[in-house]
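Q: Assembly of the complex is requested from the two constituent chains, each provided in isolation within its own frame, with the hints serving as guidance.
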Amino acid sequence: MKRNVDDAQVEEKGERAEEKDERIEENDEQEELERDNMNMWNMNDTCNCQKTSAKMMLAHAYVPWQCYDEAFSPQEALKKGTLFPSLYGVYPIPR
Amino acid sequence: MWIYEKSLERPVKISRPDPAFAKLVITQYGGPDGELSASLRYLNQRYSMPTDKAKALLTDIGTEELAHMEMIAALVYKLIEGADPKDMEAAGWGGQYAQHNHGLFWTDANGVPWSAKYIACLGDPITDLAENMAAEQKARTTYEHLIDLTDDPCVKDTLRFLWQREVVHFQRFGECLNDVQEHMSKMNTWCGYEMRK
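Residue numbers (the working numbering), protein chains in the order written: chain A, 1 to 95; chain F, 1 to 197.
Read the hints as simulated data drawn from the structure, not as lab findings.
Don't take each hint at face value.
Result set (PhoX-like, lysine-lysine): computed pairs, CA atoms no more than 20 Å apart in a straight line [as the list claims (entries may be wrong)]:
hint, chain 1, residue 1, chain 2, residue 2
1, F, K13, F, K156
2, F, K55, A, K80
3, A, K80, F, K53
4, F, K6, F, K117
5, A, K55, F, K138
6, F, K78, F, K55
7, F, K186, A, K79
8, A, K79, F, K53
9, F, K156, F, K78
10, F, K55, F, K156
11, F, K53, F, K138
12, F, K78, F, K13
13, F, K86, F, K117
Sample of chain F residues facing chain A (criterion: CB under 7 Å; computed from the structure) [unchecked claim]:
hint, residue
14, S7
15, R10
16, I14
17, K117
18, E144
19, F161
20, Q164
21, V167
22, V168
23, G174
24, E175
25, N178
Computed from a predicted structure; not experimentally measured.
We put the CB at the ideal spot given by N, CA and C, even for glycine.
Chain F with its partners taken away, still in its complex shape (with noise of 0.2 Å):
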């Protein structure tokens, strides 16, 4: 069950309409390193987490990804808001306009769109938190790069923030992992199993 808040996390500002900068972010809406692959990631692997405090914090941050999504949707919108079938084409992004128009949809930065292959989910608490760890560096890069990629001050504020919250949350999911190896640790069973000691 969710609570829905009627704004964006934060504000997404822009100077001014670029359809080829909004063909390069839409990989953080669709793309392997996505939010849309953060928030499902995460919201699915918490069932077979080990403890509640650990469950708790990957339904907060796949709650938070769902929030990113929407501010990366935003953004995409207004970078390609006025923009004619002619500055679409221009931009590189004609193939949008012809399947999509001025709609939004799950694809990377190449047109591939999104796929379950992109997450993961072994069930095996240390396993899952060490992907989520390496899919929030991923993710910190790929804002990295994109931000390399625009001249945009706003765009880059808003960017940049993203990027943050990606630094934020591989402490938050290290920090779990911690707690959650010393819980492994102490038990004598491994995902379910009764472990020979």
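Extracted from the complex, chain A is given alone in its bound form (with noise of 0.2 Å):
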């Protein structure tokens, strides 16, 4: 993923801290703005993986099932708390 790159390029010119810091926030609010356009948030019924459909009963509760088609680099993933761009900003992200 481009990000990958860009925050590679920024570890290695070696910035301050806080100049890096302000850059990753600024990549995440631009990444939430990207996937809300890219309908990514996986509140629609656009999932092939939704199999629940099918046999859903009333008073019980169920999830979409995930669809495991995007990853981050381990790097990204251990940074964000999550492999997966499909599970991250789901909630608003706490600042």
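A: Shown next as structure tokens:
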């Protein structure tokens, strides 16, 4: 992903930690917007993994099945707390 | 049986000691929605789950919660590092110094000690998984409150990681609930009892 390359370059340049944090937050906000536009919030029934819909019963709770379609790099995943872009940002990220 | 890794799941860093925030974040160590409650809840409920997959999930997440308890312990310990009795008292945590010095203890942010009353095991897998999903949401919200209460970017970063793990665990418990409900609907038994159909 493009973000990983950007982050790696920031680290290589050895910029001060503060500047880097600001940059990361900017990137995160940009990424949230992009994912908003790309409709990646898993709010619609567009996912092919939705195998629950056929047999749903009243008074039962269901969670949409996750599609394992994209992954962050391991470094990015450890930073964010998830390997999966589709699970990042589904709740507003606290700052 | 566990395999112990001699490193934290993720490094814990702080910018400066902050005993006042240590007093608050201790709730994720020994509070109702903290990591001790979470780990014991899942590791205990696993036995009465109806499928091997559900048992495995509860064991995995319960184990990760132990790793999170370790991270919170490291965080609290760093936040009070170098604090003398007066610093602790000024931070409103004189009681901690009196009873535990720099030792850790499982309490919530108000000093209430950890209790098994915080966790449940009804033995009905749907009920127990619903409890776990609620627990993940409560932990998520608690982390949001704690992030609001600190200005330290390093502490926020650690708490944000743990916050995201709650979101992931909610998804996993939800998928497990989907599975278990489907499994239960195909069985003639409910928690070991023959069902009249």
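Q: So, as I understand it, the hint says I14/F touches chain A; can you test that by seeing if any CB pair is closer than 7 Å?
A: Hint on I14/F: violated, closest Cβ of chain A at ~13 Å, above 7 Å.
Q: Does the structure keep K55/A and K138/F at a Cα separation of 20 Å or less?
A: Given pair K55/A, K138/F is violated - Cα atoms ~29 Å apart, limit 20 Å.
Q: Within 20 Å, alpha carbon to alpha carbon, are K78/F and K55/F?
A: With Cα atoms ~35 Å apart, K78/F and K55/F exceed 20 Å; violated.
Q: If you draw a straight line from the CA of K55/F to the CA of K156/F, is it 20 Å or shorter?
A: violated, 33 Å
Q: Are the Cα positions of K53/F and K138/F separated by 20 Å at most?
A: Outside the cut-off at roughly 25 Å; violated.
Q: Within 20 Å, alpha carbon to alpha carbon, are K79/A and K53/F?
A: Roughly 28 Å between the alpha carbons, so the hint for K79/A and K53/F is violated.
Q: Are the Cα positions of K6/F and K117/F separated by 20 Å at most?
A: violated, 31 Å
Q: Let's test the interface hint: is any C-beta of chain A closer than 7 Å to that of F161/F?
A: Status holds, d = 4 Å.
Q: Verify the interface restraint on V168/F: the C-beta must sit less than 7 Å from at least one C-beta of chain A.
A: The hint holds - V168/F has a Cβ within 7 Å of chain A, the shortest such distance being about 5 Å.
Q: Quickly compare the C-alpha distance for K156/F and K78/F to 20 Å and report which way the hint goes.
A: holds, 14 Å
Q: Is the Cα-Cα distance between K13/F and K156/F 20 Å or less?
A: holds, 10 Å
Q: Does the closest beta carbon of chain A sit nearer than 7 Å to the beta carbon of E175/F?
A: Hint holds; E175/F Cβ to chain A Cβ min 6 Å, cut 7 Å.
Of the hints listed earlier, those the structure fails to meet are numbers 2, 3, 4, 5, 6, 7, 8, 10, 11, 13, 14, 16 and 17, in rising order.
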